[in-house]
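Protein chains: 2
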Amino acid sequence: MQTWLFESFGNMHPGRRNLTREAGGGRSSGRWRLLIAAMAAVLAVGGCQRQEQPASAPAGPATTRSTPLQSWNDRVSKRAIVDFVERVTREGSADFVPPAERIATFDNDGTLWAEQPIYFQLAFALDRVQALASEHPEWRTRQPFKGVLEGDMKAVAATGERGMVELVAATHLGNTTDEFARAVSAWLASARHPKTNRPYTAMVYKPMLDLLAYLRTNGFKTFIVSGGGVEFMREWSERVYGIPPEQVIGSRAKMKYELRGGVPVLLRLAEVDHVDDKAGKPVGIQQVIGRRPIAAFGNSDGDFEMLEWVTSAPGPRLGVIVHHTDAEREWAYDRGSQIGRLERGLDEAAARRWIVVDMKQDWRVLYPEEAGQ
Amino acid sequence: MQTWLFESFGNMHPGRRNLTREAGGGRSSGRWRLLIAAMAAVLAVGGCQRQEQPASAPAGPATTRSTPLQSWNDRVSKRAIVDFVERVTREGSADFVPPAERIATFDNDGTLWAEQPIYFQLAFALDRVQALASEHPEWRTRQPFKGVLEGDMKAVAATGERGMVELVAATHLGNTTDEFARAVSAWLASARHPKTNRPYTAMVYKPMLDLLAYLRTNGFKTFIVSGGGVEFMREWSERVYGIPPEQVIGSRAKMKYELRGGVPVLLRLAEVDHVDDKAGKPVGIQQVIGRRPIAAFGNSDGDFEMLEWVTSAPGPRLGVIVHHTDAEREWAYDRGSQIGRLERGLDEAAARRWIVVDMKQDWRVLYPEEAGQ
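Same order as they appear, the protein sequences are chains A and B.
Each residue of the first sequence is one higher than the one before, counting from 1496 in the numbering used here.
Each residue of the second sequence is one higher than the one before, counting from 1496 in the numbering used here.
Don't read these hints as lab results, they were simulated from the structure.
Hints may be right or wrong, so weigh each one.
One copy or two, it doesn't matter: identical chains are merged, so the pair holds either way.
[To be verified] Below, in silico cross-link-like pairs of lysine-lysine (DSS-like), each with a Cα-Cα straight-line distance of 27 Å or less:
{"hint": "1", "residue 1": "K1751", "residue 2": "K1649"}
{"hint": "2", "residue 1": "K1751", "residue 2": "K1690"}
{"hint": "3", "residue 1": "K1716", "residue 2": "K1773"}
{"hint": "4", "residue 1": "K1773", "residue 2": "K1749"}
{"hint": "5", "residue 1": "K1751", "residue 2": "K1716"}
{"hint": "6", "residue 1": "K1716", "residue 2": "K1690"}
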């Protein structure tokens, strides 16, 4: 899960000219730390305390073929999810929930796809400065753009909140919805993740894809509820997750309807309309869905209020936290992390009967490619 | 269609203590006109010019049993709608549209249900002042509440915009989403329309119910896009229209997530978040649906931009205006009407190839009860 781009510049990219050319492990280089520290000071967000995970542990027992989630190991997390689904779908059961009320909401960053070393939408923003630079010769001498173009993230950080707002405005706003969708689409087609060299949309979690499909097979309607920009996600959510645009909830800018040469467009204004993070998530859910989901899935404390809202109503409820414990296949982080910080969720999960998925132990495979897809 | 309650007090109820006890023809009593004129002056909306309709005309030929919309007469409007649906659903046709893109949006007031003599949500607001009066003894001496309680709409109007905002805040806001939903539900169960003495939810248009069902049978996803309050509509849209809460878009107040004694609630604040009318309709569509519908249905100039947005994109597009021409079975109004004013839509429909449905001529029946349902 992520705080939206407007709030997330504490996690700025280390400053390579093109993120797709950066190789290696990502989150702990010296330049990274420098930038994060600078941005943290500017934006008054917390420090970057790295949490090491235990070295390794054996994978769980092999999954049995009779169970529905083949990419999950047959451990307590999977059993609890399957048990919930079986209870709410069994007609005549005390926990039966009519299909119309089977709403499940999923955070995106860190829950459905990876979010390290920086939120992928932030990688898009930085790459977009490069892509738009030829149209903006003034950027060569003007911060924060100069810093992004030259890889000088310290200079970027020095521009503070004003610079961050300018960066977002220049890369995300002031265009029409159609123009922005094309920009996202073009970026996704060519950008590669610095560590895996995969397209970003190949870094979705196969166990979560299987879970989405399993829920839909059982009559659930699946929604994304993310701090990320809603228009950024809609461009690929249907193709990648099978989640159509009208089931994507996210942060958004204000929009204005206007005619350009007699042709109507929706202009994306440089003004925040909704930040879909923390207590904004239940609000976003109510704005768009209008009823309380019965299941929610997240990975950070930005998802806390969503899980609280979903699981505090009467009747059968499911709250699930994906815990990033897999430093080998992915990344391991929780407390004190700049991205996807998870503290209160870990502390309160047991009392709230939320399931904490241990990625390393619970997931047989990570990405679709590893599952032969 | 309606401008939202915040903007619609030019159409204030004439001032009976309980709307459910008011009988008779509604929109042209002297007190009515007085109130409307006063409110129009306050809110700087247009005057109330009544448009008389031609006395009568023979109904169209009987529908044939082979056609899908039995409540529609077999005239050009129906044929154009059916032709559109057949073109976009015929695989291999140049106009074929994949099911995921078959989005149809419907205005509510005046399009799916009646809107005279006042928007039904306004009737709810006025009745709710009565319902809440015992908890607010101060209302007996304080305008605009005193005026509502005493049926003195002139005094209500004199309070101007401040009074209108107070009225909306007192009847709609400051409560939780659950509390508001219960209030709407309780009102609907007992309130009766002053002219027909029917429950308001029985004053939905049977031809539009048939159209919704016909579109859904053909793979369309049907949405409401209304100037009315979204939480007001969601309470009954699924039961009455078969449209679930997550497919209802409307005007909304800002909301705040908070804990009350450890229990999370969503509080409805006295601050407008989105006015889903006129140019706000394409914005609401993009916020919630995230792609452009291929068909839109409205009845007033408040729907103009929605129809423009929907029908100005390439590919097969359908724009339909329901024209209230039936003074006998319902009401006849368009130009100069305080409610559901329709001017630009009539002027430009032909050039824009929008279909104008003539209620008197095109609809074989009006309400479900008349169709034996």
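Those earlier numbered hints the structure runs against, lowest number first
1, 2 and 6
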